[in-house]
Amino acid sequence: MGNNIQSRQQDGILVCSLSGRLDAVSASETSNELLELIAGNFVNVLLNLENLEYVSSLGLRVFVQAAKQLGAKGGTLKLCSATSPVRKVLEISALDTLLDLRDDEADALGSF
Amino acid sequence: MKDMSILEPDETSRGVRVLLVDDQRMVGEAVRRMVQGEDWIEFKYCQNPEEAVAVAEDFRPTVILQDLVMPGIDGLSLVEIYKTNDILKHVPAIVLSSQEDPVIKAESFARGANDYLVKLPDRIELVARIRHHSEGYIHLLERNAAFHALAESQRILAAELAEAADYVRSLLPAPLDGKVNIRWDFESCSSVGGDSFGYRWIDDDNLIIYVLDVCGHGVGAALLSVSVMNALSGNTLGEADFRHPGEVLRRLNEVFEMERHNNMYFTMWFGVYNRQSQQLRFASGGHPPALLFKDGQTDPVRLVTPALPIGTMPGLVFKEGEVHIDASDRLYVYSDGVYEIRYEDGHEMTLDEFIPLLSKPLDTGVDGLMSIRETVAKIQNSEIFEDDFSLVEIRFPVCL
Numbered sequence: 001m002g003n004n005i006q007s008r009q010q011d012g013i014l015v016c017s018l019s020g021r022l023d024a025v026s027a028s029e030t031s032n033e034l035l036e037l038i039a040g041n042f043v044n045v046l047l048n049l050e051n052l053e054y055v056s057s058l059g060l061r062v063f064v065q066a067a068k069q070l071g072a073k074g075g076t077l078k079l080c081s082a083t084s085p086v087r088k089v090l091e092i093s094a095l096d097t098l099l100d101l102r103d104d105e106a107d108a109l110g111s112f
Numbered sequence: 001m002k003d004m005s006i007l008e009p010d011e012t013s014r015g016v017r018v019l020l021v022d023d024q025r026m027v028g029e030a031v032r033r034m035v036q037g038e039d040w041i042e043f044k045y046c047q048n049p050e051e052a053v054a055v056a057e058d059f060r061p062t063v064i065l066q067d068l069v070m071p072g073i074d075g076l077s078l079v080e081i082y083k084t085n086d087i088l089k090h091v092p093a094i095v096l097s098s099q100e101d102p103v104i105k106a107e108s109f110a111r112g113a114n115d116y117l118v119k120l121p122d123r124i125e126l127v128a129r130i131r132h133h134s135e136g137y138i139h140l141l142e143r144n145a146a147f148h149a150l151a152e153s154q155r156i157l158a159a160e161l162a163e164a165a166d167y168v169r170s171l172l173p174a175p176l177d178g179k180v181n182i183r184w185d186f187e188s189c190s191s192v193g194g195d196s197f198g199y200r201w202i203d204d205d206n207l208i209i210y211v212l213d214v215c216g217h218g219v220g221a222a223l224l225s226v227s228v229m230n231a232l233s234g235n236t237l238g239e240a241d242f243r244h245p246g247e248v249l250r251r252l253n254e255v256f257e258m259e260r261h262n263n264m265y266f267t268m269w270f271g272v273y274n275r276q277s278q279q280l281r282f283a284s285g286g287h288p289p290a291l292l293f294k295d296g297q298t299d300p301v302r303l304v305t306p307a308l309p310i311g312t313m314p315g316l317v318f319k320e321g322e323v324h325i326d327a328s329d330r331l332y333v334y335s336d337g338v339y340e341i342r343y344e345d346g347h348e349m350t351l352d353e354f355i356p357l358l359s360k361p362l363d364t365g366v367d368g369l370m371s372i373r374e375t376v377a378k379i380q381n382s383e384i385f386e387d388d389f390s391l392v393e394i395r396f397p398v399c400l
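Chains A and B, in that order, are what the protein sequence lines are. Quick note: the first sequence, position 16, residue 16 per this note's numbering, numbers continuous. Quick note: the second sequence, position 93, residue 93 per this note's numbering, numbers continuous.
Honestly, the hints are just simulated from the structure, not real lab data. Each residue gets a CB set at the ideal place from its N, CA and C atoms; glycine is no exception. Wrong hints could be hidden among the right ones.
As the list claims (entries may be wrong) - Straight-line alpha carbon distances no greater than 25 Å define the calculated DSS-like cross-link-like pairs of lysine-lysine that follow:
1) B:360 x B:378
2) A:88 x A:73
3) B:294 x B:360
4) B:83 x B:105
5) A:88 x B:319
6) A:88 x B:89
7) B:319 x B:294
8) A:68 x B:319
9) B:89 x B:44
As the list claims (entries may be wrong) - In silico contact screen, one side only, chain A against chain B (beta carbon under 10 Å); selected entries:
10) 8
11) 27
12) 51
13) 53
14) 64
15) 67
16) 72
17) 73
18) 76
19) 91
20) 92
21) 93
22) 94
23) 96
24) 97
25) 102
Said to hold, decoys possible - Derived DEER-like restraints, expressed as beta-carbon distance ranges:
26) A:53 x B:378: 19 to 25 Å
27) A:20 x B:150: 28 to 34 Å
28) B:383 x A:29: 25 to 31 Å
29) A:72 x B:233: 32 to 38 Å
30) B:324 x A:37: 47 to 53 Å
31) A:83 x B:169: 56 to 62 Å
32) B:383 x A:106: 35 to 41 Å
33) B:181 x A:83: 37 to 43 Å
34) A:29 x B:359: 19 to 25 Å
35) B:234 x A:106: 49 to 55 Å
36) A:20 x B:344: 16 to 22 Å
Assemble the whole structure, with the sequences as input and the hints as a guide.
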């Protein structure tokens, strides 16, 4: 597993913490790692963005592809704890509402 | 200018070649016998030191055995000549001396010799040194040849990227004057980005304005960008009504679904200005807001309708926004490359930090826009941008 994703299970939910930058350099690798993680039996996945510093428009691909893969098997992808610059990118892409962006992890876990 | 010390690949595969320069035929014969049993060594003897350079340039040795004391010219002067010769400068030179003298040894190395042997050396030692120095030299040639090939391929790639960037630039519209004045500034990033933009009157009353940014860099992104621009300029979007930005984006989202375009997608802002109603309708997909500066105000109205980038999901719906345009309003549409740069302390510029650059009164015309790019370049301390820089300014006339 690369440096951008740390994962754990909690109450049957796969929680992935993203860190660093999601840009042209890292998006493809991070996306592949995440898709591999959620390819298992998980249907509910939470991405904790607390340590994610930056997302470019290319980095949005990570969220879009994960949402598509989970959606295809009836699962749900949610987001939480976005920093201000990341939140702004999510807002102009409407991903904050489409993927249900929550303020903190406890709130997000309780919403599944 | 070509570096003459870089040999062609077949030169590196010719094996070990030893040139002995010594005025004493007896020494030449002795060394020849020492190496004659080594069939991996090609040996050449040069008795006349005045011919040494020409013989070496022709023979292309992998090591030169150089006698020290000779009539007419001394061995160390010849070594210095080798080291300033474009073809021979990297060839190892081993000085052969009759004296075991530390001072002469030191001077030999100071003047460019690579090794020093007292003649006549033991055959095993001589062969070992020939092998050692020749292998080092051949490795150097191989590395130089690989570096040269890499540099050449990079030069060709850079030229092709520049050609792609030129092509994208050639498709951008000319400045617009008349009922509305439009200027722009565009600088392609070093690896060619996927920005493009356009504007045109689709009838007497409606002016469309758009900017798009394909996510990613390189020729692939530029190709998709050009495809979208051609679809918009050639009216090849089927039933899409260009007076309805949401409809245009919805149609583009259908046509350019990412799974059918090598997983590439793009952000976009699209607006339609109607000069009769003085209304600007707009829609965007993942694109930063257009900025509308009302006359005399420094805090712009941000024109954005949040939605996913174009092509990311099938069936997307793009809401439209609408705003009234007043006389002397200024509108800026751009790609995120204008502000997604880093300050020297490493932190990213934000849109909020970029906006004050536009708030100040700008010179009309291209010069005013170029001053924005120059300011951003100064902030990041580089004129080379990591992403395309696209900034379009729409000035509405004093009397509408």
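Here is what the structure says about each hint:
For the hint pairing residue 360 of chain B with residue 378 of chain B, the CA-to-CA distance comes to about 17 Å; that is within 25 Å, so the pair holds. Between the alpha carbons of residue 88 of chain A and residue 73 of chain A the distance comes to roughly 29 Å, so the proposed pair goes past 25 Å and is violated. With a C-alpha separation of about 13 Å, the suggested pair residue 294 of chain B and residue 360 of chain B falls inside the 25 Å cut-off, and the hint holds. The hinted pair formed by residue 83 of chain B and residue 105 of chain B meets the criterion: a straight-line CA distance of about 17 Å does not exceed 25 Å.
With a C-alpha separation of about 18 Å, the suggested pair residue 88 of chain A and residue 319 of chain B falls inside the 25 Å cut-off, and the hint holds. A hinted pair counts as satisfied when its Cα atoms are at most 25 Å apart, and residue 88 of chain A with residue 89 of chain B does not qualify at roughly 59 Å. Taking the CA atoms of residue 319 of chain B and residue 294 of chain B, the gap is about 23 Å. The hint holds against a cut of 25 Å. A distance of roughly 22 Å separates the Cα atoms of residue 68 of chain A and residue 319 of chain B; the hinted pair therefore holds under the 25 Å criterion.
Under the criterion of a C-alpha separation no larger than 25 Å, the hint pairing residue 89 of chain B with residue 44 of chain B is consistent with the structure, at around 19 Å. Hint status for residue 8 of chain A relative to chain B: violated, with the closest Cβ pair at about 28 Å, above 10 Å. For residue 27 of chain A, the interface hint holds, the least distance from its beta-carbon to any beta-carbon of chain B being 9 Å, beneath 10 Å. The beta carbon of residue 51 of chain A is not positioned within 10 Å of any beta carbon in chain B (closest approach about 15 Å), and the interface hint is therefore violated.
For the restraint placing residue 53 of chain A at the interface with chain B, the shortest Cβ-Cβ distance is roughly 8 Å, inside the 10 Å limit, so the hint holds. Because the smallest distance between the Cβ of residue 64 of chain A and any Cβ of chain B comes to about 5 Å, under 10 Å, the interface hint for this residue holds. Checking residue 67 of chain A against chain B: minimum C-beta separation of about 8 Å stays under 10 Å; hint holds. With 10 Å as the threshold, the beta carbon of residue 72 of chain A stays out of range of chain B, its nearest partner Cβ sitting at about 12 Å, so the hint is violated.
This hint is violated: residue 73 of chain A has a C-beta 16 Å from the nearest C-beta of chain B, more than the 10 Å allowed. At about 15 Å, the closest approach between the beta carbon of residue 76 of chain A and any beta carbon in chain B exceeds 10 Å, and the interface hint on this residue is violated. Because the beta carbon of residue 91 of chain A sits about 6 Å from the nearest beta carbon in chain B, less than 10 Å, this interface hint is met. Taken as an interface hint, residue 92 of chain A checks out: its beta carbon lies about 5 Å from the nearest beta carbon of chain B, inside 10 Å.
The beta carbon of residue 93 of chain A is positioned within 10 Å of a beta carbon in chain B (closest approach about 4 Å), and the interface hint is therefore held. A least Cβ separation of about 4 Å between residue 94 of chain A and chain B falls short of the 10 Å threshold, and the interface hint therefore holds. A hinted interface residue such as residue 96 of chain A counts as satisfied when its beta carbon comes closer than 10 Å to some beta carbon of chain B; here the least separation is about 8 Å, so the hint holds. A hinted interface residue such as residue 97 of chain A counts as satisfied when its beta carbon comes closer than 10 Å to some beta carbon of chain B; here the least separation is about 8 Å, so the hint holds.
For residue 102 of chain A, the interface hint is violated, since its Cβ never comes within 10 Å of a Cβ in chain B; the closest pair sits about 18 Å apart. A beta carbon spacing of about 24 Å between residue 53 of chain A and residue 378 of chain B agrees with the range 19 to 25 Å that was offered as a hint. Distance hint check: the CB atoms of residue 20 of chain A and residue 150 of chain B are about 30 Å apart, consistent with the given range 28 to 34 Å. About 30 Å separates the C-beta atoms of residue 383 of chain B and residue 29 of chain A, a value consistent with the hinted range of 25 to 31 Å.
Under the hint 32 to 38 Å, the C-beta atoms of residue 72 of chain A and residue 233 of chain B, about 36 Å apart, fit the expected range. The given range of 47 to 53 Å is respected by residue 324 of chain B and residue 37 of chain A, whose C-beta atoms sit roughly 49 Å from each other. For residue 83 of chain A paired with residue 169 of chain B, a C-beta distance near 36 Å fails the hint of 56 to 62 Å. For residue 383 of chain B paired with residue 106 of chain A, a C-beta distance near 47 Å fails the hint of 35 to 41 Å.
Judged by the Cβ atoms, the range 37 to 43 Å given for residue 181 of chain B and residue 83 of chain A holds: they are separated by roughly 39 Å. For the pair residue 29 of chain A and residue 359 of chain B, the supplied restraint of 19 to 25 Å is violated, since their beta-carbon distance comes to about 39 Å. Checked against the hint of 49 to 55 Å, the pair residue 234 of chain B and residue 106 of chain A passes, with Cβ atoms roughly 53 Å apart. Checked against the hint of 16 to 22 Å, the pair residue 20 of chain A and residue 344 of chain B passes, with Cβ atoms roughly 21 Å apart.
Checked against the numbered hints above, the structure breaks hints 2, 6, 10, 12, 16, 17, 18, 25, 31, 32, 34 and satisfies the rest.
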